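6 protein chains.
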Amino acid sequence: MRIKVINPNTTRSMTEKIGEAARRAASPGVEILAVSPRMGPVSIEGSYDEAFAAVGVIDEVLRGEAEGCDGYVIACFGDPGLAAAREVARGPVVGIAEAAMHAASLIGTGFSIVSMLERSRMTMEHLVHAYGMERRCRSIRMTDIPVLDLEIEGSDAQARIIAECRCAISEDHADCVLLGCGGMSDLMARVSAEIGAPAIDGVSAGVRLVEALAGLGLGTSKRQGYAAPLAKAYEGEFGRFALR
Amino acid sequence: MRIKVINPNTTRSMTEKIGEAARRAASPGVEILAVSPRMGPVSIEGSYDEAFAAVGVIDEVLRGEAEGCDGYVIACFGDPGLAAAREVARGPVVGIAEAAMHAASLIGTGFSIVSMLERSRMTMEHLVHAYGMERRCRSIRMTDIPVLDLEIEGSDAQARIIAECRCAISEDHADCVLLGCGGMSDLMARVSAEIGAPAIDGVSAGVRLVEALAGLGLGTSKRQGYAAPLAKAYEGEFGRFALR
Amino acid sequence: MRIKVINPNTTRSMTEKIGEAARRAASPGVEILAVSPRMGPVSIEGSYDEAFAAVGVIDEVLRGEAEGCDGYVIACFGDPGLAAAREVARGPVVGIAEAAMHAASLIGTGFSIVSMLERSRMTMEHLVHAYGMERRCRSIRMTDIPVLDLEIEGSDAQARIIAECRCAISEDHADCVLLGCGGMSDLMARVSAEIGAPAIDGVSAGVRLVEALAGLGLGTSKRQGYAAPLAKAYEGEFGRFALR
Amino acid sequence: MRIKVINPNTTRSMTEKIGEAARRAASPGVEILAVSPRMGPVSIEGSYDEAFAAVGVIDEVLRGEAEGCDGYVIACFGDPGLAAAREVARGPVVGIAEAAMHAASLIGTGFSIVSMLERSRMTMEHLVHAYGMERRCRSIRMTDIPVLDLEIEGSDAQARIIAECRCAISEDHADCVLLGCGGMSDLMARVSAEIGAPAIDGVSAGVRLVEALAGLGLGTSKRQGYAAPLAKAYEGEFGRFALR
Amino acid sequence: MRIKVINPNTTRSMTEKIGEAARRAASPGVEILAVSPRMGPVSIEGSYDEAFAAVGVIDEVLRGEAEGCDGYVIACFGDPGLAAAREVARGPVVGIAEAAMHAASLIGTGFSIVSMLERSRMTMEHLVHAYGMERRCRSIRMTDIPVLDLEIEGSDAQARIIAECRCAISEDHADCVLLGCGGMSDLMARVSAEIGAPAIDGVSAGVRLVEALAGLGLGTSKRQGYAAPLAKAYEGEFGRFALR
Amino acid sequence: MRIKVINPNTTRSMTEKIGEAARRAASPGVEILAVSPRMGPVSIEGSYDEAFAAVGVIDEVLRGEAEGCDGYVIACFGDPGLAAAREVARGPVVGIAEAAMHAASLIGTGFSIVSMLERSRMTMEHLVHAYGMERRCRSIRMTDIPVLDLEIEGSDAQARIIAECRCAISEDHADCVLLGCGGMSDLMARVSAEIGAPAIDGVSAGVRLVEALAGLGLGTSKRQGYAAPLAKAYEGEFGRFALR
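Residue numbers (the numbering used here), protein chains in the order written: chain A, 543 to 786; chain B, 543 to 786; chain C, 543 to 786; chain D, 543 to 786; chain E, 543 to 786; chain F, 543 to 786.
Keep in mind that the hints are not guaranteed to be accurate.
The list treats identical chains as interchangeable, and a pair is accepted whether it falls inside one copy or across any two copies.
[Unchecked claim] Pairs of lysine to aspartate or glutamate residues, derived as DMTMM-like cross-links and limited to a Cα-Cα distance of at most 20 Å, are as follows: (1) 774 - 686; (2) 774 - 660; (3) 764 - 686; (4) 764 - 607; (5) 764 - 713; (6) 764 - 714; (7) 774 - 693; (8) 764 - 660; (9) 774 - 562; (10) 764 - 667; (11) 774 - 691; (12) 764 - 736.
No lab work stands behind these hints: they were computed from the structure.
Computed from a predicted model, the values in this text were never measured in an experiment.
Can you make the complete structure from the sequences, with help from the hints?
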């Protein structure tokens with residue numbers, strides 16, 4: 543089985559970290575392709591960044607279909623481009639926010655999300671709602687750490703994230719914590735150990751969920767909203783995205 | 543006051559029709575710029591098309607800020623790129639699905655949406671929910687007419703749409719009908735007359751809502767999720783979208 | 543266009559203040575009639591007051607229909623008599639709570655309401671829910687200031703309201719604030735400036751929304767729940783309200 | 543124990559019928575006062591009628607407090623004036639829609655409401671939601687029979703109502719039926735027998751719920767939204783409703 | 543009328559206390575049978591305990607049907623076995639959480655639950671939701687007192703519970719408090735007096751609601767999900783529970 | 543990895559069928575223990591049956607912990623005993639209704655459940671809601687086939703189920719179908735092929751989800767509502783279930 547894990551931003555060090563987490567999580571015999579798009583923002587911190595990242599994700603899924611990928615993980619906690627990716631893919635596609643929330647809802651009574659900039663709260667709330675998790679989500683705690691600080695060795699980002707996770711457990715009645723950024727995917731074991739409760743990395747969870755679905759022969763249903771995109775003309779610089 | 547009405551697809555005949563509806567709706571002294579993006583799909587029928595259209599919308603809003611636009615209407619009933627556009631714009635931005643639903647909720651007890659392809663039902667449902675309109679929406683009726691059929695003279699598209707609107711009133715307890723596509727913006731008066739109940743074109747409603755907000759001095763709030771995009775590098779062909 | 547702005551209580555100084563706000567907000571050529579009912583409470587602080595105010599509102603809308611009014615604004619943040627007024631009116635009717643919430647949902651990601659007595663919290667919650675705004679409302683902050691204190695020159699009411707608005711922005715993740723009483727309609731510009739985020743006065747928003755709807759030719763739909771009241775006998779002192 | 547059952551319209555024959563149902567339902571030793579207001583509409587078919595009926599209800603509750611009533615039932619299926627009545631009453635107040643829905647939710651998995659004019663659907667939906675019964679309500683079936691037809695001997699109103707109740711059970715997965723009008727309060731036993739499932743008359747249920755609450759020493763809580771109305775001036779013909 | 547009040551745990555002192563509360567609440571002429579199951583946990587503090595308690599409850603309802611009981615109260619605030627008991631019983635069955643929430647929603651605008659161990663929060667939240675009370679429930683406050691501490695004379699359990707009830711009123715905008723454990727059923731009058739707002743014991747409320755329903759001739763509807771259990775074989779030690 | 547799949551009823555032929563489906567779904571190296579409880583009903587068709595089945599499930603999970611099981615699947619579409627099983631288990635536990643719904647929500651826009659007796663509709667609705675799937679569930683279609691008919695060779699049960707699945711796709715806008723009974727676990731491939739859309743067997747999905755969670759090192763969180771049962775006395779025939 544070949545799973546493509548797409549880091550929707552273009553920061554290679556984060557793509558590598560994500561790829562490592564994905565490989566650690568994958569079952570024996572599962573091949574992980576960890577990529578970033580060829581174009582787009584170096585980090586995703588708002589809806590503007592996300593709109594461009596979505597196109598990058600689509601581009602990688604189109605390429606993945608040609609490469610024979612069996613499924614996809616979108617490794618940004620805003621799940622950019624998820625619905626469009628599902629239209630393109632035959633196999634399953636999961637976003638890491640989606641994967642983490644589904645996993646949490648199977649092992650606990652309520653989760654908290656710990657993430658980066660306050661300005662992304664709206665996106666998280668939106669996803670919690672879109673996935674039907676509003677009665678499971680105990681809190682969303684933003685640390686106000688810029689995404690790329692996670693890539694800076696020696697920054698206090700990890701310590702601050704762990705502190706916030708601890709509060710989620712002790713103050714918000716959460717019994718597990720979601721690591722709310724692809725760039726935190728190396729922290730699952732460490733945070734879990736520190737807080738004495740499950741910490742869930744969506745990249746790891748996403749890989750395993752895609753394995754599970756593809757292993758059952760379940761691809762994306764093409765009967766309604768995720769049917770393949772219709773053939774039509776695309777103008778200007780997006781001309782190459784026209785499908786036939 | 544200068545309002546930019548963005549038809550997110552690249553079909554010029556539809557942009558013209560939308561521009562006419564916008565001008566008909568606008569107050570005296572309001573200037574309407576009706577545009578389509580320079581790149582993207584000729585029609586929007588699914589999430590794939592929508593992802594590219596969103597970039598086209600953003601491009602036009604960026605340009606509009608330089609042109610001194612006071613507000614924006616996104617003239618596709620999926621409201622593509624709305625959150626990103628709000629990050630970029632100082633003034634208000636409304637989508638036509640959003641505008642039509644808000645207007646309907648102020649003049650009736652329940653509305654139906656009449657729109658095009660069945661595959662877009664998911665998007666409509668999602669918007670109904672995102673806008674808090676789930677207790678107002680009586681039904682979503684898809685005619686399964688391709689969007690561009692609206693541009694073909696002599697097609698039976700209008701007749702089929704009107705028939706569906708009639709059913710919404712008589713069978714679904716709706717008391718007004720939303721025209722669920724930018725390409726229907728010339729039908730507001732005719733449908734209203736035929737069904738004996740308000741039919742709402744989102745383009746017209748959108749122009750008037752933007753006028754109302756801008757006239758009150760209300761622009762998009764920059765304090766939380768719609769704060770201006772952060773300065774950062776963008777790679778590859780999207781390099782020109784990097785903001786400073 | 544002639545819009546009647548009804549202050550549902552009988553305090554004339556508040557009616558004047560509301561009329562001024564309405565005129566400030568109105569487009570050129572729009573005539574504002576600012577009135578209070580001939581009977582009813584001097585302020586509305588609970589459901590008892592509201593029930594009487596509703597009759598006063600209806601009385602003014604009946605009169606307004608005879609006066610050729612094109613639309614109505616109900617200028618109390620509990621929107622008393624709204625559904626009944628819609629049955630009577632041909633044109634659009636909006637309440638100021640409704641108007642403020644709709645406006646806020648178009649320019650921000652979440653609002654807080656700042657209002658008067660704690661006992662009215664229930665009413666505000668009810669309206670938030672009735673209008674589908676439960677996912678937009680960040681908080682309801684009651685200052686416990688009696689409504690008529692807003693009419694006392696030199697009171698600290700304004701200062702306390704502004705302090706509460708500040709907290710809504712800084713503590714509740716709100717990005718705009720709704721002024722939760724008709725008597726605050728003179729504060730929109732001042733509060734906005736002080737808190738650095740949009741403050742919305744429902745009177746101003748209501749006038750503009752009625753203009754927008756009436757300008758589009760949209761009156762209240764008469765096909766379902768807002769159909770004209772049925773002709774029937776009314777007994778006793780309400781005999782004059784019987785319609786034929 | 544003395545319970546006042548208020549028929550909010552002024553049709554005496556209906557008040558008598560309601561009084562009989564209330565007496566049939568009441569426990570031994572409970573005194574029923576069945577009254578109509580001195581002023582207001584002869585039937586309640588819309589929000590306009592309801593606004594005036596609410597004042598009539600309040601008037602009767604004010605009088606009831608002086609008469610030593612221990613609780614109140616508001617015998618119209620729109621529960622007009624309920625919140626205001628609670629502000630005035632020391633004892634419990636229940637509406638018949640509320641009573642019927644609560645009773646149904648304790649004995650079945652889902653109910654249907656069978657009621658009169660289509661135009662009142664909006665009000666029923668609103669109450670279903672306000673009382674948290676949206677997951678219990680299987681359907682609302684309006685017969686489009688005018689309320690006062692229930693008072694005409696020899697009309698086919700009863701037959702049509704029973705037919706609709708039967709459909710609710712056989713087509714909508716309901717396991718009990720709510721009689722959606724005070725004027726149906728004589729039908730509980732007959733409908734039950736005909737459909738082979740519980741039919742609930744809100745007047746009967748309301749009397750028993752008030753007995754239950756008052757018997758436990760539970761009156762309306764005065765700590766928040768149902769606190770006694772504040773003393774204040776009332777102008778014009780409502781002057782006599784000013785409380786001190 | 544004969545009502546069986548089932549304390550689902552096997553602690554006799556608690557059963558006696560519950561029986562006393564039930565008898566205090568019951569109308570003249572109503573016979574109360576207060577029992578505990580013959581098997582099961584001495585207290586119910588989690589879903590494991592609850593699963594066994596449910597079987598004990600069913601056992602007592604089966605026996606009650608033979609004994610001619612007219613209705614049942616399940617006297618644990620998790621309402622264990624409620625749906626199954628309804629399948630078995632001809633008359634009405636109410637749980638004390640359900641009874642308390644319904645009573646509270648008829649006399650106030652919002653309630654708080656004050657209960658025992660933090661680990662039971664999930665169960666309470668689940669019931670609040672199942673009963674449609676999510677917009678009425680202001681807070682759930684767990685004292686972290688083990689259930690059986692309520693049976694220890696001289697413990698500080700009562701004092702701590704009262705303190706928490708006070709906070710519910712003063713901090714959470716609640717206007718009544720639900721006593722969230724069958725073992726608190728002796729505290730209704732005392733807590734009410736101390737906090738100056740209604741405190742509701744579900745045992746008392748449950749008895750009165752069963753009286754009300756049974757008095758109206760309303761038993762559990764057998765038309766859908768509460769139809770009598772089907773005749774079938776039961777294996778092993780549960781063989782005696784097979785119905786014919 | 544060792545996964546115990548518990549058929550909560552005692553019909554061995556169904557347990558075997560479930561075991562086969564589980565083994566077909568399991569990854570290489572995963573050991574499946576397929577069992578039924580030693581006591582309880584031969585089929586689960588209502589809440590009464592479910593209450594006893596829950597004890598049977600718990601008994602098997604207790605035994606499974608001693609046997610070194612890494613996770614559990616509860617193979618009845620009502621997910622009986624799920625919360626209690628989670629308290630007992632260190633590893634993950636999933637119900638087949640839960641598993642099927644989560645899988646469906648990752649590959650489609652809306653699912654329908656096709657299941658057995660009408661009387662179980664209430665349970666399905668309850669689970670749909672408990673799992674946050676109310677916006678994903680297009681319909682619940684009950685075939686009114688008794689569960690054990692699935693074990694009768696030559697019955698028309700399969701044909702009727704497939705017919706219903708087809709309707710779910712063609713009439714309800716569903717894009718995948720959930721097989722709503724453990725006894726349908728042999729039908730996944732056949733139904734999928736016949737309807738041209740994914741059909742999901744919860745047993746298969748459950749095994750893969752448990753594998754995914756356990757493979758990530760995620761067991762049931764013990765920090766809140768799923769903490770291990772407390773040590774306490776159990777009386778009577780349940781004495782052996784007391785934990786220390």
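Evaluated hints:
no.	hint	in the structure
1	774 - 686	between (42 Å within a copy, 17 Å between copies)
2	774 - 660	between (39 Å within a copy, 17 Å between copies)
3	764 - 686	between (40 Å within a copy, 16 Å between copies)
4	764 - 607	within (15 Å within a copy, 40 Å between copies)
5	764 - 713	between (43 Å within a copy, 16 Å between copies)
6	764 - 714	between (40 Å within a copy, 15 Å between copies)
7	774 - 693	between (41 Å within a copy, 15 Å between copies)
8	764 - 660	between (36 Å within a copy, 12 Å between copies)
9	774 - 562	neither (38 Å within a copy, 26 Å between copies)
10	764 - 667	between (28 Å within a copy, 18 Å between copies)
11	774 - 691	between (42 Å within a copy, 13 Å between copies)
12	764 - 736	between (43 Å within a copy, 15 Å between copies)
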